[in-house]
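**Q** Sequence:
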Amino acid sequence: MSERRDLTDLTELFDLATDGIESPWLAHEALRTARARRTRRRGAAVAAMAASVVGVVVLGVYAGDNRSGGFPPSTQTSTPSAPTTTPSAPQTNTTPVPQEKTWPKWDPRDVDDLPPAVDRVAPALPEVINPPDSSPGILDDPVDAAVAVVEQEDLIQVLGTDNNWRTVPVEDEYPQVRLSPGGTRLSVTYYAKYDTGATIHDLGTGESWVVPFPDDYRPVDGTTWTFVDEDTLLLQGGTAWLVDARTGAAERLPEGIAGGLSTAVDPRGGLLVSAQWGTPNILVDYAEGAVRKVSMQRTGRLSALRADTDTVVGTSYDGRPFAVVVANRSTLTPKISLPIVDTDGNYSNGGLGTLALTDDGTVLLRVAILGRDVQGLSVVAWDPTTGDLSLVSRTDETAAVDFAEDLLRASGGQR
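Using numbering that gives the first Met the number 0, the first residue of the sequence shown is number 0, and each one after it goes up by one.
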């Protein structure tokens, strides 16, 4: 095995500390958070990787998911913080609150019993994501777009919309991979090169280049690069910036957008950021240059955010049992929720999150496979209007996986 998988004293300590937790290393968001909080000392990096390497397959988008790291406190009875009372205070709604529709609890351990999803749901995804041991290089065999990227043992492969795999060059150890929403570009960052920016791969040409940090930005532990659209990157870590994916031209964003618990990008490029634990319980909604703040008191603090023009969906166990919550974007009034059987706290700690909110209102969930000989993740479709759950795709790979969100949003066609 490579040094990346070797045990260290820190890994052994982690194993002892998590001995009572069922498959803690499988949680997708655990990987993100471990990576974000990992120090740059090699020993700590190896220990964190060994502790949570499977996570991202536990869905990606990394995501969590969340698109930015950070786990809430272990208690499930925390009380949401009151919104701040400043001139830009969160909006409140004094009209009568509609009753939230709550579906019966679902146990994710029963994922294999779900019926297959109908063909219109995430048709770009195959029923099984199974990367080969090797594939043609992206420079020799470019592809218009990729629906998924898988990184395992420092091997990066993208699954093209033509259902074929390509290999993307790796420059160093511990790569973090993020697909653009449309799947035309891939961002790769490396721990050993934390101060050099992000390497961008154009999948349509095989060309790659490095986008440096803005001149006035200093990288910090937990710095992340994600795509807002095919041509724009979101840099978060201490402060937040929009960065041109080709030229590196940068614009600093208002306070409150960096360091949140979770970040979503809507189909028009608007940003939504839920506040981190220990800060006022608000959602920052930033679109077209305007900052709007909305209280998350009714939904509870949201993780694994996804959004469209009118709707926000995420997971929460803040003041409620762990659930997937669909809410009105303007007011964050909860409309529909799906309570989740949270076995040993694994699902609320990253084992289950959202992947996409499709254009017909279906919610795609990433679900870790826990407590089995074969590990991996499943992609599950939930129809909030009917409560129906179905199985879209799965993989048994113990790897880091990210998805092109816009390709998951689209419905119609055949898988």
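If you are wondering where the hints come from, they were derived from the structure by calculation, not from laboratory data.
Treat the hints with care, as some may be off.
[Said to hold, decoys possible] Dumping the calculated EDC-like pairs for lysine to aspartate or glutamate here, alpha-carbon to alpha-carbon at most 20 Å:
#1 Lys-104 / Asp-343
#2 Lys-192 / Asp-161
#3 Lys-100 / Asp-118
#4 Lys-192 / Asp-214
#5 Lys-104 / Glu-126
#6 Lys-100 / Asp-387
**Q** Tell me the hint numbers this structure goes against, listed in increasing order.
**A** The structure breaks hints 2, 3, 5; every other hint is satisfied.
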